Amino acid sequence: MRARLATGGLDFVLSVCVAILALLVALIFVVAAGVSFTSGADAFVSGAFGSQLNLAGTLAKMVPLTLVALGWIVVFKAGRFHVGFPGQILVGGMFVTVVALKIHLPAGLHLPLVLVAGMAGGALYAGIAAWLWAKRGVNEILSTLLLNLIAAQLLAWWVRGPLHDHTSPLPLTPAFPNSARWPELLKNTDLHWDIVLVPIAAILISFLLARTLAGFRMRLVGSGEMIAREAGVSPERIGVRAIMLSGALAGLAGASLVAAGTTPQVGEDFGGTYGFTGIAVALLARNNALAAVPAALLFAALEQGGQTMEGTVGISSSLVDFIQGLMIVLVLAATTVLYLVRRRTTKPRAPKATAPPTPRAELEPSK
Amino acid sequence: MTGGAERQSGSPEALRLVGITKRFPGVLANDDVSLDVRKGEVLGLLGENGAGKTTLMNVVYGLYKPDGGQIFVNGREVEIKSPEDALDLGIGMVHQHFKLVPDMTVAENIAMAPSLLPGLIRLKKVEREVAELCEKFGLNVDPRSTVSDLTVGARQRVEIVKLLYRGADLLILDEPTAALTPPEWHELGIFIRDLADQGRSVIFITHKLDELFGLVDRCTVLRDARVVDTVNIAAVDKPELAKMMVGREVTLRVQRPIVQAGKPVLEVSGLTVADDEGRTLIDDIGFEVRAGEVFGVAGVAGNGQTELVEALIGLRQPETGEIRLDGKALKKLSPLTFTNAGGALVPEDRHREGVALELNVLDNLLMKEFARGRYAKRGVIDFDAARERSETLVRNYDVKTPGVDVPVRQLSGGNQQKLVLARELGRDPRLVIAFQPTRGLDVGAIEFVYNELNDKKKAGGAILLVSFELDEIFTMADRFAVMVDGRFLRVLDGGEADLETVGMLMGGSEADAGVAASGRTVTT
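Residue numbers (the numbering used here), protein chains in the order written: chain A, 7 to 373; chain B, 325 to 848.
These are calculated hints, taken from the structure and not from any lab test. Note that the structure is a prediction, hence the values are computed from the model and not measured. Treat the hints with caution; some may be incorrect.
[Claimed, not checked] Here are the simulated DSSO-like pairs of lysine-lysine, each with C-alpha atoms no more than 27 Å apart in a straight line:
1. B/Lys587 to B/Lys389
2. B/Lys656 to A/Lys141
3. A/Lys141 to B/Lys655
4. B/Lys652 to B/Lys782
5. B/Lys363 to B/Lys405
6. B/Lys405 to B/Lys389
[As the list claims (entries may be wrong)] Far from chain A by the CB rule (all over 12 Å, computed), these chain B residues:
7. Glu337
8. Leu359
9. Met436
10. Gly477
11. Glu511
12. Val732
We put the beta carbon where it would ideally sit given N, CA and C, even for glycine.
Model the full structure from these sequences, guided by the hints.
Here it is as C-alpha cells:
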C-alpha cells in the first residue's frame with residue numbers, strides 16, 4: 007500500500023513537471039509572436055492566479071472540467087468510451103433553462119431542482135447512446151459524437167425559438183431568477199458556490215468505484231466482459247448505467263455553466279470546450295477520481311491564463327487557442343510516454359511475459 | 325521419429341550461448357545460461373513456467389538486451405539488437421501468441437514482413453514462392469486463404485512458413501503444441517524432424533515432458549533461471565527429466581481415489597443447443613454426474629465442449645433440454661442462478677474468463693460473492709470481512725502473493741489458477757465444472773489442481789471435467805463420454821478404457837482409426 011502511494015505521489019510530481027515543461031514550450035510561441043519571455047510567462051501566471059478576479063475565474067472553470075473528467079472516469083472504469091460530454095452538457099443546460107425560467111419556486115427548492123434537471127437531461131441524452139449500444143450494438147463513440155452535433159443544433163433553435171428573450175436581438179435566453187442560480191462565493195467574480203461540487207463529486211465517485219458493489223461491478227465489467235458475464239454481472243446493464251451516470255455528471259456540469267455563469271442568461275455557446283478538455287483532465291489524472299481535482303486545476307489555469315494573456319500582452323486569441331491546444335497535446339503525450347516507460351521498467355513479472363512488450367499493446371485500454 | 329544425437333555430434337554448431345544473464349527489477353530471469361544447438365539438431369528447452377525459457381529466447385531473438393554473456397551464430401560472436409538482426413542471421417521465432425493479421429491472406433501476411441519492404445509487393449510472386457516452399461516442406465498451407473479462416477494449427481504453419489520464406493535456418497518454437505489438437509501436434513512433430521533432416525536447427529520450448537521423447541535430440545533443462553543440465557534424450561527417462569525440471573521427486577500420476585458414488589447431482593437430458601443461424605452445436609445430450617464422482621468429457625477441441633459448458637452455466641440458452649441440480653430443475657438458468665444453486669466453474673481460458681488481471685487478489689477471490697451481493701452492507705463493501713475471507717482463501721489454497729491488494733496480473737499462471745480454485749472450491753459447491761483446468765500449468769501446479777479436485781470428490785462433490793487432454797481424462801475421470809460433433813458417442817468407464825478405443829472414437833468413427841490418439845500417445 008505504501009509503495010502504491012509512493013508511486014502515486016511520484017506520478018503526481020512528474021505530471022506537474024511535465025505541465026511546467028509544456029508551458030515553457032508553449033511560451034516559445036509567445037516569444038516568436040514578439041512578446042518577451044518574461045512578460046509572457048508573467049502574464050500567464052498572473053492571468054491564472056495573480057488577482058482575486060483571475061483566481062476566481064480559474065477556480066470556477068474547475069467545476070465543469072472536474073465533473074466531465076469524473077464522467078469519463080466512470081465510463082472508462084466500466085470499459086466503455088464515449089465522447090458525448092459536449093452534447094450532454096448542452097442538453098443538461100437546456101433542461102436547466104426550462105426549470106429556471108418556467109417554474110417558480112423559493113430559492114431553497116429552485117436550485118436543487120435545477121441541479122436535478124441538469125443531471126436528468128445529461129443522463130437521458132447519454133441514455134440514447136447507451137440504449138443504441140446495448141440493444142442495437144451501435145458504437146457509442148460514434149453515436150455520442152453525432153449526438154453532440156444534434157445537441158448543438160437543438161440549442162441554437164432553443165435560444166432563438168422557445169426560450170428566446172424577445173427583448174434582445176441576440177440569440178439569448180431571458181435572465182434567470184436568482185433563486186435558480188448558484189449564489190456567488192466571491193462578490194463580482196465568476197466564483198460561485200458550485201465549487202463545492204468539485205471535492206464532493208470527486209470523493210463520491212472515488213468512493214463509489216472503490217468501496218461499493220455498484221463500483222465493483224463496473225470495474226469487473228471494465229476488466230473483462232466474459233469474466234463479468236460468468237460471475238453473473240451483465241456487461242450491458244452495467245455499461246448502460248455507467249454511460250448514464252457519466253451523462254448525469256456532464257449534465258451537472260451543464261447546470262453549473264448555466265446557473266453559475268458570468269451572465270444571468272445563456273446563449274448557444276455556453277458549453278465552451280469543457281466537454282472535450284474534461285477528457286484530457288481525466289487522462290492526465292490517469293483515470294483516478296481524486297487526482298482529477300488537481301488535473302482540473304491545471305487545465306483551468308491554462309484556460310484562464312490564456313484568456314487573460316490575450317488582453318495583457320496583446321497576442322491574438324487564435325494564438326491563445328493554439329497554445330492551449332498545444333499544451334494539452336504536450337501534457338498528454340509526455341505523461342503517456344512517462345507512464346509507458348514506467349510500466350516497462352517496473353514490470354514485476356517480466357520473465358513471465360510471453361509476448362515482448364510492445365507500446366501498442368500497452369496503449370490499448372485494459373481489458 | 326527417433327532422435328539422432330550421435331548423428332549430429334559432429335555437425336558444426338548453429339548457435340551457442342555463453343553465460344547469458346538477464347535481470348529485471350527484482351527478478352533474475354536468466355543466470356549465466358549457456359547452451360548450444362548444432363546444425364540439423366532439435367534441441368528441447370525444458371522448464372517450468374517462469375524458469376526463464378521464453379526470456380532466454382527473447383534475448384536470442386533481439387527482443388531483450390542481455391545484461392551479460394555472449395551469443396555466437398555459426399561460430400561468430402554477434403550482437404542481436406532486434407528481431408530483424410536475428411532474421412538476418414537466420415534465426416526465426418514463433419511465439420505462443422501468433423503475430424498475424426487476421427484479415428489478410430497468407431501471402432499478404434508473409435509479404436508484409438518488414439525486411440521485404442519498401443518497394444512494390446509482388447503478391448503473385450510471393451504466392452508462387454510460398455506455394456513452392458510449402459510443397460518442399462510438406463506443409464499444407466494455401467497462400468491465398470485468409471488467415472482468419474484458418475485453424476490454429478494452420479496459422480502456426482503460416483508463422484513457420486513466414487520465417488522459412490525469410491531464410492531462417494534456426495527456428496525457435498515457443499510452446500508450439502499448446503493450442504494444437506493431437507493430429508496437428510503429430511503433423512508438427514513430423515515436420516520438425518524433416519527440418520532437422522534437411523540440416524536446419526530447431527529449439528523446441530516446452531514444459532511438457534511427453535513432447536520431448538522421439539522429437540528432440542538433446543534437451544537443456546532450465547530451473548530458477550539456471551541451466552540444470554543438458555542431456556541426450558536417449559539417455560534419460562521421464563521421471564529423471566521431471567526431477568531435473570522441478571527439483572524434487574514428482575509423482576506424475578495422481579492416484580484416482582475410489583469413492584462410492586452417491587445420488588446424482590447434475591442431471592442433463594435432451595440438451596440441444598443451436599447457434600444464431602440455427603446450426604445445431606449440441607445434439608440431444610443426456611448424462612448425469614453423481615456425488616463423489618468425476619465425470620469426464622473427452623474429445624478434440626471444437627466439438628461442442630465450449631457450448632456445452634456455456635449452456636450448463638446459463639451463458640447460452642438451449643433450444644430444448646432439462647438441467648437439474650440436486651434434483652431441482654433449473655429454469656431460466658443464468659450464471660447467477662447457477663452459482664446460487666451450488667455450481668462452480670473453473671473456466672477454459674484463464675485470462676479471459678478465470679481472473680480479471682487488472683483487479684486485485686481480493687476482488688478476484690470474492691467477485692462471485694460481490695456479484696450476488698455478499699460481503700456488503702447496503703451496497704457498500706464490508707472490507708474488514710472481505711479482507712479476512714480473502715486472506716483465509718489465500719492461506720488455504722496456498723496462493724503465493726505478496727498480499728490481497730496486488731493486481732492478479734503480477735501472479736504467475738499457476739498461482740492465478742490456484743486463485744480460481746480458491747474462489748470456486750472455497751464456496752463449497754455441490755457441482756464443479758472444470759474446463760481444461762490445467763491448461764498452461766507446470767507439473768507442480770497440475771498436481772495441485774488434481775489433488776484439490778480429488779479432495780472435492782472425496783468430500784462428496786460432483787465434478788464435470790471437460791478436457792482435450794486424454795491423459796487428464798484417464799488420470800481423473802471415473803466415467804467419461806467422448807464428444808464428437810456435439811454428441812456423446814459413448815460413455816466409458818475410466819478404469820477400463822484404453823487409448824486405442826478412445827482415439828478411434830475421438831476421430832469420429834471406428835473406421836478411420838487412430839490419427840487423433842496417436843499424436844499425443846505414440847511417444848509416451
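Cross-check of the supplied hints:
1. B/Lys587 to B/Lys389: With a Cα-Cα distance of about 60 Å, the restraint between B/Lys587 and B/Lys389 is violated, given a limit of 27 Å.
2. B/Lys656 to A/Lys141: Given pair B/Lys656, A/Lys141 holds - Cα atoms ~20 Å apart, limit 27 Å.
3. A/Lys141 to B/Lys655: holds (24 Å)
4. B/Lys652 to B/Lys782: holds (23 Å)
5. B/Lys363 to B/Lys405: holds (23 Å)
6. B/Lys405 to B/Lys389: This hinted pair holds, its Cα atoms lying about 7 Å apart.
7. Glu337: holds (26 Å)
8. Leu359: Label holds. Min Cβ-Cβ 17 Å, cutoff 12 Å.
9. Met436: With a cut-off of 12 Å, B/Met436 remains clear of chain A, as the shortest Cβ separation is near 16 Å.
10. Gly477: holds (19 Å)
11. Glu511: Correct as stated: the minimum Cβ-Cβ distance to chain A is 23 Å, above 12 Å.
12. Val732: Nearest chain A Cβ is 9 Å from B/Val732, so the label is violated.
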